[in-house]
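Novice: The chain contents come next:
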Amino acid sequence: MIVIVGGGVTGLSTAFWLAREGHPVTVVEKGIVGWEASGRNGGGCTHPYSPLFREEQRLWPMMDELLGHPTEWRPHRLKVALDEGQLDRLWKSTKLATDQGFEAAPLDRAELRDLVPWVGDNAVGGIHWKYGGHANPQRTSQAYAWAVERLGGRILQHTAVRGIRSQGGRAVAVETSAGEIGCDAVVIAAGPHTAALAAPLGHRVPMAPARVEMIVTEPLPSIVHGGVDGNGLYGRQTLRGNLAYGGGPHEWIDLDGEATPRPVNSPVVASLARRLNELFPRLGHVRVIRSWGGIVENTPDGRPILDRLEDPGNVVVASMSSVGFGLSPATGRALAQLVLQGHCDFADLSQLKLSRFGNLPLDWRSRQGWEAMPA
Amino acid sequence: MSQADPTSLAGKTFPLRDGYDHVVIGAGDAGIAAAQAAAAAGAKTLLVDEHPLDPGLFGLDIPYLFGERVDAATRNAGRMEERIVAARPGLIAAMEAGVEVALGVAAWGGFVRGVANRGLPRPVLGLADREAAWLVAVDRITVATGARDVVVPFAGWTLPGVMGARGFDAALRLYGAFSGRRIAVIGGGTLADGVVTAARTAGIEVAAQIAAPTALRIEGREDVARITWQDGDAWREAACDTVVMAVDTVPMVDLAELLGCPIAWVAAKGGFAPQPTPQVAIVGDALGTAPAARAAWLDLALAEDHALVCACEEVSAGDLRALRPPRYLDAAGPEAGLGALGPLNQDQVKRLTRAGMGACQGRRCRESVHALLSRDRPAPLASYRAPIRPLPLSVLAALEEDPALRANWTGWFGIAAQWLPHWEPAPEDAEYIGGRLSGAEVVK
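Chains as they are written, first to last, in the numbering used here: chain A, 1 to 375; chain B, 1001 to 1444.
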């Protein structure tokens, strides 16, 4: 039995790939699958800085079929720049993908407006990424969960993990609020709670939780490529037509126990509306109808930790450092390989080991200015 | 600690237009009384009320089910304000007692300090008129938001002309702008009786009051033309241009929830009711109203699979039971339908079916969806999120902003190494190429 701790997209995808190969899996989730940041995010599927990028791009077009449920994935991204500085940074991140053989094309304002009728005269230009895309986070999270169950895996919701019992250098059981589950391997993919779950095993997994937020508008008629953003915002037009956008300041927080704090919103929602109205000046009349919040975690360098521990040797630790949704099809497949064979044969994960933080000072959060504000 | 992360909220402020000892939201009788009492005790007091509404909200059925039965006069804010003051003479007395009164101002947000939100020294309310949003700080808040209509999704309920008891009351007595002539009233309790009495007093013809139907549908081509219902074995029919649903109301708990008030299912009150906190008092109908026979009415309407529960997103009772993805996906739900989910949660079902996700912010379907999910036990409250009134981007965008927030704005954190190749070691002195507004590099 392979026990996955955490029913977010990373854990669920891992369970999916394992179950697909016939391995017995149990996902233990303290709440509802995809309930936290996995189900509420920008839905972006475009991460050229990741070693999992190629696999991300290869897998997304197949996910609806693999999971047997619509993920609402759509290809391509459009980037809008409102000044030369924004355009310059966009080209720098575009180069990461074009260096890997993916195609991108510049767009002048007129071309941009043909594709995105909402942009105004303040746009200096844009880029059409003929790669990447976007999907619906909640639907995808649920699709993984149902696919796992269809493949014979088990998902325990509303079940908290209290500890991992090890013996002779191996994890032998996962202790949960619903009893103990004997295991042959464990994957800890519990988002910001990963650190607390790994600590009793003698491993410091450095991460700092933070609260982030997004806004959603009423639906608009669909444009050709809904994956359009810029002006310091990330987001998309959903298939239904709503605009869902986030960005701006986050709040570093502290966790208290096994519950995830409620990700409330702040007046930053108005700042998001301002940025969105700058990006699409023709949409001032469009109404904002809700907002979201989410709690994510970041490692000290903002990069994932995808590592199989040496002791206990059958435990894999996974944190995507706040950028997990889009990469999840590939991440899960990589983690399944780490569980089964100790290494990933399709991506270079050598820089994503926990050991890179071996010399990290204990007060790293304070040194980086990542402490929670005083209580 | 070394310098706080400049791209985080630490060190940022939310500029305030004003500060008050006490803000009361909702200028009905209970709200006016609370504001007068606060002012009498020497508190600097603000009383806000969203009426007269932004005209766009009537069409969205916010906050009541207006059913397109308000006349064009409601577009004239000045005239409507005069009518509201005339309809609520207590407002004058409150002003004379020193209460600052702001009509046409909606409370769209409530922000209180919490575990994941430590940047606020005092509670902050988000307010907005038709032009701009702003923030005020406040020590004590009284929620007097009243109650809103409950839709019972009988066939034909989305036709123009179908309104709720609160919508009818506001159109008739607050705005003086009710545009119907002949109404039928659904409901057998005091709420429905009140509608009948108010209508007759105003010289509006009451074609029927339907208190205990065994089946009911509202008919008409583009507008309500008649209502037909089964009463025992007999089908009956009444011609009318307006149907007033007066089965039940529910307290508006949206703002109370944003302000951190506990909200629990209270059978004695027939639904979710809020509790006060040390900073937030709740008065009037916002506390909960007497229980009505809502469950039986909803059961009757929802028994039909084709009952349209969520009009914004076109989700039927059958779609909900089958947990069917939205129509544009043309896909089936899981074989077990709602049974595929485990303990039912309205927010989860909302995200999967889109019921409650539309522009009316779920006001017209919340109770129906909740009833469908509560066969075994009451499902938990579906969450509320700011803005709890749909606000145009331009109105929210007008909220004053800390210049430091703009200067340090990044699309996603400010961690330079996060955006550079992860197959190479993280560089010591990385350039930030993530999304930014503009300007110099401020982030390492």
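Treat the hints as calculated values from the structure; they're not laboratory data. Certain hints may be false.
[Said to hold, decoys possible] Some chain A residues flagged as far from chain B (calculated, every beta-carbon gap over 12 Å):
{"#": "1", "residue": "P51"}
{"#": "2", "residue": "K79"}
{"#": "3", "residue": "F102"}
{"#": "4", "residue": "E218"}
[Stated by the list, open to error] Rough simulated footprint, nothing fancy, chain B against chain A, three-plus residues with beta-carbon under 8 Å:
{"#": "5", "region": "16 to 29"}
{"#": "6", "region": "132 to 146"}
Glycine residues also receive a C-beta, built at the ideal position from the N, C-alpha and C atoms.
Novice: Does each hint fit the structure? Answer for all of them.
Specialist: Checked hints:
Separation of P51 of chain A from chain B is inadequate, the least Cβ-Cβ distance of about 5 Å not exceeding the 12 Å criterion. Against the 12 Å criterion, K79 of chain A falls within the reach of chain B, whose nearest CB is about 9 Å from its own CB. Once the 12 Å rule is applied to beta carbons, F102 of chain A is consistent with being away from chain B; the minimum gap is 14 Å. Not every Cβ of chain B is farther than 12 Å from the Cβ of E218 of chain A; the closest lies at roughly 4 Å, contradicting the non-interface assignment.
A stretch counts as covered by a chain when three or more of its residues have a beta carbon under 8 Å from one of that chain; for the region 16 to 29 of chain A and chain B the count is 0, and the coverage is violated. With 4 residues having a Cβ less than 8 Å from any Cβ of chain B, the region 132 to 146 of chain A passes the three-residue criterion, so the hint holds.
Checked against the numbered hints given earlier, the structure breaks hints 1, 2, 4, 5 and satisfies all the rest.
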